[in-house]
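Colleague: Chain Z is already provided as a structure; the job is to place chain H on it using the hints.
As given, the protein sequences belong to chains Z and H, one line each in that order.
Under my numbering, the residues of the first sequence are numbered 1 to 118, in order.
Under my numbering, the residues of the second sequence are numbered 1001 to 1116, in order.
Simulated from the structure, these hints should not be mistaken for laboratory data.
Only a predicted model underlies this, so the values are computations on that prediction, with no experimental measurement involved.
The beta-carbon is built from N, C-alpha and C at its ideal position, and this holds for glycine as well.
Accuracy of the hints is not assured; some may be wrong.
Stated by the list, open to error - Derived DSSO-like pairs (lysine-lysine); straight-line CA-CA distance at most 30 Å:
no.	chain 1	residue 1	chain 2	residue 2
1	Z	K20	Z	K66
2	H	K1003	H	K1073
3	Z	K55	Z	K14
4	Z	K66	H	K1003
5	Z	K14	Z	K41
6	H	K1003	Z	K64
7	H	K1070	H	K1016
8	H	K1003	H	K1070
9	Z	K41	Z	K66
10	Z	K66	H	K1016
11	Z	K14	Z	K64
12	Z	K41	H	K1003
13	Z	K55	Z	K66
14	Z	K55	H	K1003
15	Z	K14	Z	K66
16	Z	K55	H	K1073
17	Z	K55	Z	K20
As the list claims (entries may be wrong) - Short derived list, chain H residues pointing at chain Z, Cβ under 7 Å:
no.	residue
18	A1081
19	L1084
20	K1103
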Amino acid sequence: GAVVSQHPSRVICKSGTSVKIECRSLDFQATTMFWYRQFPKQSLMLMATSNEGSKATYEQGVEKDKFLINHASLTLSTLTVTSAHPEDSSFYICSASPGQELYNSPLHFGNGTRLTVT
Amino acid sequence: AQKITQTQPGMFVQEKEAVTLDCTYDTSDPSYGLFWYKQPSSGEMIFLIYQGSYDQQNATEGRYSLNFQKARKSANLVISASQLGDSAMYFCAMREGMRGAQKLVFGQGTRLTINP
Chain Z
1 GAVVSQHPSR VICKSGTSVK IECRSLDFQA TTMFWYRQFP KQSLMLMATS NEGSKATYEQ
61 GVEKDKFLIN HASLTLSTLT VTSAHPEDSS FYICSASPGQ ELYNSPLHFG NGTRLTVT
Chain H
1001 AQKITQTQPG MFVQEKEAVT LDCTYDTSDP SYGLFWYKQP SSGEMIFLIY QGSYDQQNAT
1061 EGRYSLNFQK ARKSANLVIS ASQLGDSAMY FCAMREGMRG AQKLVFGQGT RLTINP
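Next comes chain Z alone, as it looks inside the complex (with noise of 0.2 Å):
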């Protein structure tokens, strides 16, 4: 159970296109998603949580116009990198919490996605 799909799981993209990343849940609704960033041999920072059918919330120091996420339906979020650049060029993954559960349930992650903007 508890299966997360993340697509795609790369993509290469030209400076200055917009890139879409889709997580969906698979065998549960998920009322609470969560996108990380990684960069190379670093840690997953968190970017934005979203909430079905509501606004983002995203963490400080992250572009609201640059990272766009959409949760419009229980199974799906999206985020699209705006007018990508180089340095956006990252390891993107998302979790998806079911939302009822506390602080004692794992998330479990999407198998990302690698952005590269030449």
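Modeller: Below, chain H without anything else, positioned relative to chain Z:
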């Protein structure tokens, strides 16, 4: 302030030996959970083991055990009988609080290399 601290950037261990990966945490919330994840080179995050702040006993899951010392705010991961497939990044993480779906905060990670 760093909430999760992993002080070992890298660890090298001989196959079949046990290894301890250190993790200390900082929180004022009495309700929290501590998690260990494994991240192989392919990137996926694999959940290994969990310890709750109210748990009286140390958690164990197969070859993984958690040495939980609440007063010292440490939650070290012990891997027994290490295998070559254990080579990966290991992250300690924490969730806090009793309200809704709380985010996971990660430590810096430890790269474990198992030598044959």
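Colleague: Could you run down the list of hints and mark each one as holding or not?
Modeller: Hint by hint, here is what the structure shows:
{"no.": "1", "hint": "Z:K20 / Z:K66", "in the structure": "holds (12 Å)"}
{"no.": "2", "hint": "H:K1003 / H:K1073", "in the structure": "holds (11 Å)"}
{"no.": "3", "hint": "Z:K55 / Z:K14", "in the structure": "holds (28 Å)"}
{"no.": "4", "hint": "Z:K66 / H:K1003", "in the structure": "holds (27 Å)"}
{"no.": "5", "hint": "Z:K14 / Z:K41", "in the structure": "holds (24 Å)"}
{"no.": "6", "hint": "H:K1003 / Z:K64", "in the structure": "holds (25 Å)"}
{"no.": "7", "hint": "H:K1070 / H:K1016", "in the structure": "holds (29 Å)"}
{"no.": "8", "hint": "H:K1003 / H:K1070", "in the structure": "holds (15 Å)"}
{"no.": "9", "hint": "Z:K41 / Z:K66", "in the structure": "holds (24 Å)"}
{"no.": "10", "hint": "Z:K66 / H:K1016", "in the structure": "violated (47 Å)"}
{"no.": "11", "hint": "Z:K14 / Z:K64", "in the structure": "holds (21 Å)"}
{"no.": "12", "hint": "Z:K41 / H:K1003", "in the structure": "holds (19 Å)"}
{"no.": "13", "hint": "Z:K55 / Z:K66", "in the structure": "holds (15 Å)"}
{"no.": "14", "hint": "Z:K55 / H:K1003", "in the structure": "holds (26 Å)"}
{"no.": "15", "hint": "Z:K14 / Z:K66", "in the structure": "holds (15 Å)"}
{"no.": "16", "hint": "Z:K55 / H:K1073", "in the structure": "violated (35 Å)"}
{"no.": "17", "hint": "Z:K55 / Z:K20", "in the structure": "holds (17 Å)"}
{"no.": "18", "hint": "A1081", "in the structure": "violated (24 Å)"}
{"no.": "19", "hint": "L1084", "in the structure": "violated (21 Å)"}
{"no.": "20", "hint": "K1103", "in the structure": "holds (5 Å)"}
Hint check: violations occur at hints 10, 16, 18 and 19; the rest are consistent with the structure.
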